[in-house]
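Protein chains in written order, with my numbering: chain E, 112 to 361; chain C, 112 to 361; chain X, 112 to 361; chain D, 112 to 361; chain Y, 112 to 361; chain V, 112 to 361; chain U, 112 to 361; chain L, 112 to 361.
It is worth saying that the hints were derived from the structure and are not from the lab. Computed from a predicted model, the values in this text were never measured in an experiment. You may find that some hints are simply not true.
Stated by the list, open to error - Capping the alpha-carbon separation at 25 Å, the derived lysine to aspartate or glutamate pairs in DMTMM-like fashion look like this:
(1) V/K181 <-> V/D228
(2) U/K196 <-> V/E213
(3) E/K196 <-> D/E197
(4) D/K196 <-> L/E197
(5) V/K196 <-> C/D306
(6) U/K180 <-> U/E254
(7) V/K225 <-> Y/D306
(8) L/K225 <-> U/D306
(9) U/K181 <-> L/E254
(10) Y/K225 <-> V/E221
(11) V/K283 <-> V/D230
(12) L/K224 <-> U/D306
(13) V/K196 <-> U/E254
(14) E/K181 <-> C/D306
(15) X/K224 <-> D/E197
(16) X/K196 <-> U/E213
(17) D/K225 <-> X/E184
(18) X/K181 <-> D/E197
(19) U/K203 <-> U/E221
(20) E/K224 <-> C/D306
(21) Y/K225 <-> Y/E213
There are 8 protein chains.
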Amino acid sequence: MNTDNIRGMLESFREGAISLEQVLGFLKSFAYEDIEFAKIDHHRAVRQGFPEVVFCQGKTIPQVATIMKKLAERSPNVLGTRASKEMFAAVKEAVPEAWYHELARLIVVERSKKEPDADRYILVLSAGTSDMPVAEEAAVTAEIMGHQVQRVYDVGVAGIHRLLAQRETICKANVSIVVAGMEGALASVVGGLVDKPIIAVPTSIGYGANFQGLAALLSMLNSCAAGVAVVNIDNGFGAGRLASIINTMR
Amino acid sequence: MNTDNIRGMLESFREGAISLEQVLGFLKSFAYEDIEFAKIDHHRAVRQGFPEVVFCQGKTIPQVATIMKKLAERSPNVLGTRASKEMFAAVKEAVPEAWYHELARLIVVERSKKEPDADRYILVLSAGTSDMPVAEEAAVTAEIMGHQVQRVYDVGVAGIHRLLAQRETICKANVSIVVAGMEGALASVVGGLVDKPIIAVPTSIGYGANFQGLAALLSMLNSCAAGVAVVNIDNGFGAGRLASIINTMR
Amino acid sequence: MNTDNIRGMLESFREGAISLEQVLGFLKSFAYEDIEFAKIDHHRAVRQGFPEVVFCQGKTIPQVATIMKKLAERSPNVLGTRASKEMFAAVKEAVPEAWYHELARLIVVERSKKEPDADRYILVLSAGTSDMPVAEEAAVTAEIMGHQVQRVYDVGVAGIHRLLAQRETICKANVSIVVAGMEGALASVVGGLVDKPIIAVPTSIGYGANFQGLAALLSMLNSCAAGVAVVNIDNGFGAGRLASIINTMR
Amino acid sequence: MNTDNIRGMLESFREGAISLEQVLGFLKSFAYEDIEFAKIDHHRAVRQGFPEVVFCQGKTIPQVATIMKKLAERSPNVLGTRASKEMFAAVKEAVPEAWYHELARLIVVERSKKEPDADRYILVLSAGTSDMPVAEEAAVTAEIMGHQVQRVYDVGVAGIHRLLAQRETICKANVSIVVAGMEGALASVVGGLVDKPIIAVPTSIGYGANFQGLAALLSMLNSCAAGVAVVNIDNGFGAGRLASIINTMR
Amino acid sequence: MNTDNIRGMLESFREGAISLEQVLGFLKSFAYEDIEFAKIDHHRAVRQGFPEVVFCQGKTIPQVATIMKKLAERSPNVLGTRASKEMFAAVKEAVPEAWYHELARLIVVERSKKEPDADRYILVLSAGTSDMPVAEEAAVTAEIMGHQVQRVYDVGVAGIHRLLAQRETICKANVSIVVAGMEGALASVVGGLVDKPIIAVPTSIGYGANFQGLAALLSMLNSCAAGVAVVNIDNGFGAGRLASIINTMR
Amino acid sequence: MNTDNIRGMLESFREGAISLEQVLGFLKSFAYEDIEFAKIDHHRAVRQGFPEVVFCQGKTIPQVATIMKKLAERSPNVLGTRASKEMFAAVKEAVPEAWYHELARLIVVERSKKEPDADRYILVLSAGTSDMPVAEEAAVTAEIMGHQVQRVYDVGVAGIHRLLAQRETICKANVSIVVAGMEGALASVVGGLVDKPIIAVPTSIGYGANFQGLAALLSMLNSCAAGVAVVNIDNGFGAGRLASIINTMR
Amino acid sequence: MNTDNIRGMLESFREGAISLEQVLGFLKSFAYEDIEFAKIDHHRAVRQGFPEVVFCQGKTIPQVATIMKKLAERSPNVLGTRASKEMFAAVKEAVPEAWYHELARLIVVERSKKEPDADRYILVLSAGTSDMPVAEEAAVTAEIMGHQVQRVYDVGVAGIHRLLAQRETICKANVSIVVAGMEGALASVVGGLVDKPIIAVPTSIGYGANFQGLAALLSMLNSCAAGVAVVNIDNGFGAGRLASIINTMR
Amino acid sequence: MNTDNIRGMLESFREGAISLEQVLGFLKSFAYEDIEFAKIDHHRAVRQGFPEVVFCQGKTIPQVATIMKKLAERSPNVLGTRASKEMFAAVKEAVPEAWYHELARLIVVERSKKEPDADRYILVLSAGTSDMPVAEEAAVTAEIMGHQVQRVYDVGVAGIHRLLAQRETICKANVSIVVAGMEGALASVVGGLVDKPIIAVPTSIGYGANFQGLAALLSMLNSCAAGVAVVNIDNGFGAGRLASIINTMR
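Modelling step: build the complete structure from the supplied sequences, incorporating the hints.
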């Protein structure tokens, strides 16, 4: 789709050869902004209900700042994940409304807030307090995407009564995100209690044979409970995003 | 289930405000049938909307037959996964209505069929024809659980036009299951096209460095598209079950 | 074995206070029978309370038969693990009292049976019916070593009420063996309920990403419950042996 | 907890045979304290004989301090593992009796000390001096839980006489903890000498192909000696806790 | 180099038909310079069209400076990969024309520049902005070896329209280098669009289960598109070098 | 590409608004034949110079026969890889000209043969005789795609003189495919001798720590020689296909 | 082979000081026989003291028979490893003196037998009877290469006295080969007893977490005893060959 | 140490034919010094020809200093591996003759130097300059143990002529140590040239898929050349020690 083609098509349009709708229909499926080092997908908000989210890790600070500024020019709400404090400082200058969630390493711009549906809350469970950074990444992601979130933290299976005491909150949730490191068993136990989808997030928390989250990952993939699917290790954002998608279904 | 609630319930009970049966009804939300080698979870149909599904692999033929017979005595619809022909023959004697889906290795008893909601279909995509056994396991699972299923097979990303030609079918699906071996890239491409949940199922199909599905599994877990979650390698059943859960959400 | 002790013993010996046989008896605490292809450790019954157990896998049929015959000449009770039917047939000819536990693949010679202590039973739990061969290997091993065994099978965590319904049996056990494939979460849940040792045995049962037991193994090693230790994948014998050792402690 | 028992208890309660408190006492065997980011399991001391132990790694310093303070309000003895000096400083302010074992990275509060049974000592062996941090974590854990501990360090199998010289100490131990990195062979040799349980702890000490403890872990899991079970890599605490549980058995 | 040829050559030499120098010229096709810690392969420029490239990582700063100085004495163009700023500073003193590409960590000496063939450009695609350091290493390598390079960055498959919009640029490329982390799916999609060779470079960018590039590596090796070959993780240089070799073919 | 758009475009065409060439140009990029279980990509011959190749493994025999028959109706030359004898028998009935290369497990239909360019031969080297099935898969693939192939087998690096004796044949090759199991070192040695591209194919041949080709795969990916890229384990076809693509470049 | 030496040799040759044959003798240190599918390295007997050994696995039966026949035409002693009975039958027809060692899967032709040096024996130890096939492959290999071999089998470390009882035999050996599966600890213990080289051979014998020999392999590589080096899993031949090389040193 | 021998010795002792000291001298072939945190094996110098070598990594600085001081009191030559500069400073105070080899991270005390046998040199080859730290650890280890060492560095197989030019030095070596990272192919090529033992040392040098030395390790274990054995990744000391043992054989 080089610019010559577009020029031609637009001229055909001016000459009446094709209609406005046709041109729009064609163009709209291909909209992005090309800056030197990135192609910003402004159309994603239309296609998937939320603008492109910036994965900050591995980018330079100026790249992060520029991309978030460009997104913030078009979208009221913007999200950057895996962001350092230094990245946030640079974004803050370009987008003053931005704030930073340190534990979850998120940069958030939230200028429009719709009222969440309190009856359909997303539940975020964590097995231990050490899993909180990932759990918060999931929870905040879901919140900025417009959902009600309940948090139930530190309910690992070694004290099953702490978990069972939350049974009502668990069973009423519309979607649950289970965040756990070590052996990740929480996903299976929760999966057996409910008839709603469970998104399991393995974390890299644990002793040596956790192998940076591999143990929890394999554990969750092998869950004997149906209704459990898994996202990447420590990927709280992915879980929050998928939970938001599911929670939007009617 | 916090103690205040229980105290209240017990006092109401002592005062006669609620009956013994009501208390028991609450407490015994735990019911199962204990046969020698298995504890059949009849309560699962109530708790999760479908009776316990029998994972046949690793069980003896008589065990499979007995368990399925017990389930079929209480539930109109029963499902056995990873079943051999020999297992089916034994089940067939005990439950004559049972039939066998050879490619998907499923034993199916389906005596009650509710009309699926045609507008909310589950889409099952496969990257290659070789992935069909797993794709069919997912599709048949969803069908027996009462859902409309569309199949789009052999649309691997190496011929992206075959996939894009199905864009309408893909975008209209309520939930999509993407089944792929080799590099599993199909999940990411589909994930970028839609705003609905994607359940990715890696298969063990491929050349050596697929390592029995590890390549596709890691690929899908690392999907750059949001909205994708992953189940176990070759676990078509798990995907079909989860898709059914999501597709039931209103 | 410090040198002062030996010096003293030798001087006592020169002085005639102790006999040559006593010295030898001490020094040769190392006794075994050397047949062509094996060194049978008859002393193990004294040293560890049960004669050497024969790991049959990888040995030829005549080797298995000869070794078990030699052991049976000196010990009333003998055990062969990972044995095929063909191996059993050969052993049976040499040791007619031998019997075969097909599911557990054990060859058992049990000519002396001491009354087990019914109060201190060993509990064998399995997550699924498919884990029974390994669970039975553990249970029969403990029984032939003189212990009372209780079996609670098919109590995987996806139906937590089935497990909790056995809480009394679980809490009263003196030692528990938890046998589970897939995600192996059962070990953690049981570990959180009791104040007695848990021996966890991962099995190779499951879908692809179980990787022949790796998922359950890592899961159990990473158990968030204290009091859990792990033996090799599918090693029911090892668990049964260790449980017997612990159960003998007074 | 089968329903007949509960029915009986409830009827006795309605009839006044047992009090409301008794029912509650039974039912609320599930008690914990809910602070913002953690659910402190005060009941664990009753259920498992020692209060919840705090895994400090991955928690923030204020979280560690708060949790340990809460535990110290109810229990005389408290333990924090994998703790940094900075964490200790914060805990020290909240719980002045706390002290820090730097090598083992433990925070210890020990206000009640029962006399250990000197005849039933727990033996901690280490293969090398470099394994001492893990060995000390195990030893101190067992000591704070009320057990007599003997240490035999630097007895790796490459100088087997150093180990055999300790044979008496080894054979008299009631439970042994074997801590070893590199090839972890010490567990098998010790396992062959004794008729008591061996808890093996692989460490991450070694050259490249140790792969952060994987070599020692696999080695110990594959031990040809019966009576050996394994805990997580570098998990001295887990070994000390399990040894304490076993050593309490009578 | 069969013996008949050599015999003939030697007899011709004895007969004076060819000179000693000609024989030596043939035999010493093996020339290098031996400095204390390295054997510099000056002949490589003749044998492979570009002088030896210095892999700086793991070398000391003086070693890097000396080797690059020696190479620069004989070759107009020299390349050092995986170089730190400190290494560059030392090289700069010895070879003043050297410059440093910080993002790609390359030290470049380029004193002779031939005009690239603009019609046969090498295309470097990257899936994300975070992959740029590796992509630039590939691009700059190809440029210094005399090739025209086109860059198309941030066209990951989750927004397939961004990629398809570049279809013309992609299809006209003579060789393509696809740089991608996460699930590396870009290689397969591009591989299905073109009839020219694709060199895939996995990067170590991504969440936990990327396992430092393993996910992308396996994904690319399993590409369902023909025409794709893979180089080492993060090895932009290797891809740039191979693309240059292929792009030189006539 | 929904059908409404196509209808509109076609009507514009009938009205003269767009030209025949425009319509064709658009439509042709999307051509495939949809049979029940596969979408046959007839357009691939135009797009990539050779029709779709059938990966037979994992497909049923009737599926293979049908797909190959459909392809053979449109293309003179057709290739099926990883095919069993039974698959061939079924194909042979549908396409009588088909023949079978047993060692390479290829089904070949070759009704049109263009004269290969003898000066630009593809060289296939194998390290050992045991690697021949993979080497032949590569060689026959390149031949059916119209290339001259030279074979140099059994030149593993443990007898380097066997390899060096082939130096002339190696250096004159236009592209080389190096097939090796065990340690796969051949790729690096050949890569150091030539200035042409090397495609390395690891094979699963070897003793235990080859881990089904992993050793050779990692070895080749880490080749210290530039100009080497790697395809999947045992993927002779992929190498032959890529070599054909490169060998066509002018 | 530096150029000065060659220049000198060539000038001596031109001057007649050395003959053409002498030059050729030097240059053609490269001799092999080229049959269709293999390049038989007849020179290896001169270069390395024993003719090329045939790795039979993965070769066809006729290939094995032809290669062994060609070798047997020139060498009195020939060895084929990893050979099946069927391969042997074919070799037997071509080389009637051949015999077959079934346990070790070796085809042996031994027409010349030199008297071994009884004082410098090679010791082959195995941990268990199940390791015998690999141990015998090592032992027979060393014997056919002209060495005295002592076998000490079934001395695994779980019964350390069985091993220590052999201390004299162990300490007198000139080279030791330690064959062990499971945790492979035997290598370390033996390595600590002697001042001679130890060649460790991991075997694939064991329970699940042996992972086909990986556990023993890693264990042996991490041996805390100096003087231990490792060959491939189950590679008895490699160990026997290396022991023979070392045992020849004077 | 069979019982007949012991019986005879004891009877001789009772008869006065041998003294108590002689018996003790035999029995206490087990001598070591017990300091708080280590058991120093002074007997090793007698048993294995060189005193215990201190693996410094993971020990505290005072531990290293104390152990080396104790060893230096009894042995003229002492070696510490994997030592930091800080460790050396502490050792230097206790043992003033100590010196430090920074690149190889060795602490060396060498107060007695025997004249090495120049004819039997140990050859240390390295593939690249980056492998020098490991190569030097091997070389210096062999030197302090009394051997002549030749170094041939930077002869990786990608420039095979650099290696072949050293053929004479290589073929004359009595033992060779091959140090290589990346694909480790050097071991196989050298192994094919010589008839002496090769000790291969994989290093952790390389791009991503080297996986910290795994690629080179597997490559070397799978060497197609006989006569190659492997030590741990980066374990230069182990190779130097084993080479010294072999080079001492007569």
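Here is what the structure says about each hint:
1. V/K181 <-> V/D228: violated (30 Å)
2. U/K196 <-> V/E213: holds (23 Å)
3. E/K196 <-> D/E197: The given pair, whose Cα atoms are some 22 Å apart, holds under the 25 Å limit.
4. D/K196 <-> L/E197: holds (22 Å)
5. V/K196 <-> C/D306: violated (45 Å)
6. U/K180 <-> U/E254: Roughly 21 Å between the alpha carbons, so the hint for U/K180 and U/E254 holds.
7. V/K225 <-> Y/D306: Satisfied, since the Cα-Cα distance of roughly 19 Å is no more than 25 Å.
8. L/K225 <-> U/D306: holds (19 Å)
9. U/K181 <-> L/E254: violated (45 Å)
10. Y/K225 <-> V/E221: Status violated; Cα separation ~44 Å.
11. V/K283 <-> V/D230: Between V/K283 and V/D230 the Cα gap is close to 9 Å, so the pair holds against 25 Å.
12. L/K224 <-> U/D306: holds (20 Å)
13. V/K196 <-> U/E254: violated (43 Å)
14. E/K181 <-> C/D306: holds (23 Å)
15. X/K224 <-> D/E197: violated (59 Å)
16. X/K196 <-> U/E213: holds (23 Å)
17. D/K225 <-> X/E184: Not OK: D/K225 and X/E184 at ~49 Å, beyond 25 Å, violated.
18. X/K181 <-> D/E197: Violated. X/K181 to D/E197 sits at ~62 Å, over the 25 Å cutoff.
19. U/K203 <-> U/E221: This hinted pair holds, its Cα atoms lying about 13 Å apart.
20. E/K224 <-> C/D306: Within the cut-off at roughly 20 Å; holds.
21. Y/K225 <-> Y/E213: holds (24 Å)
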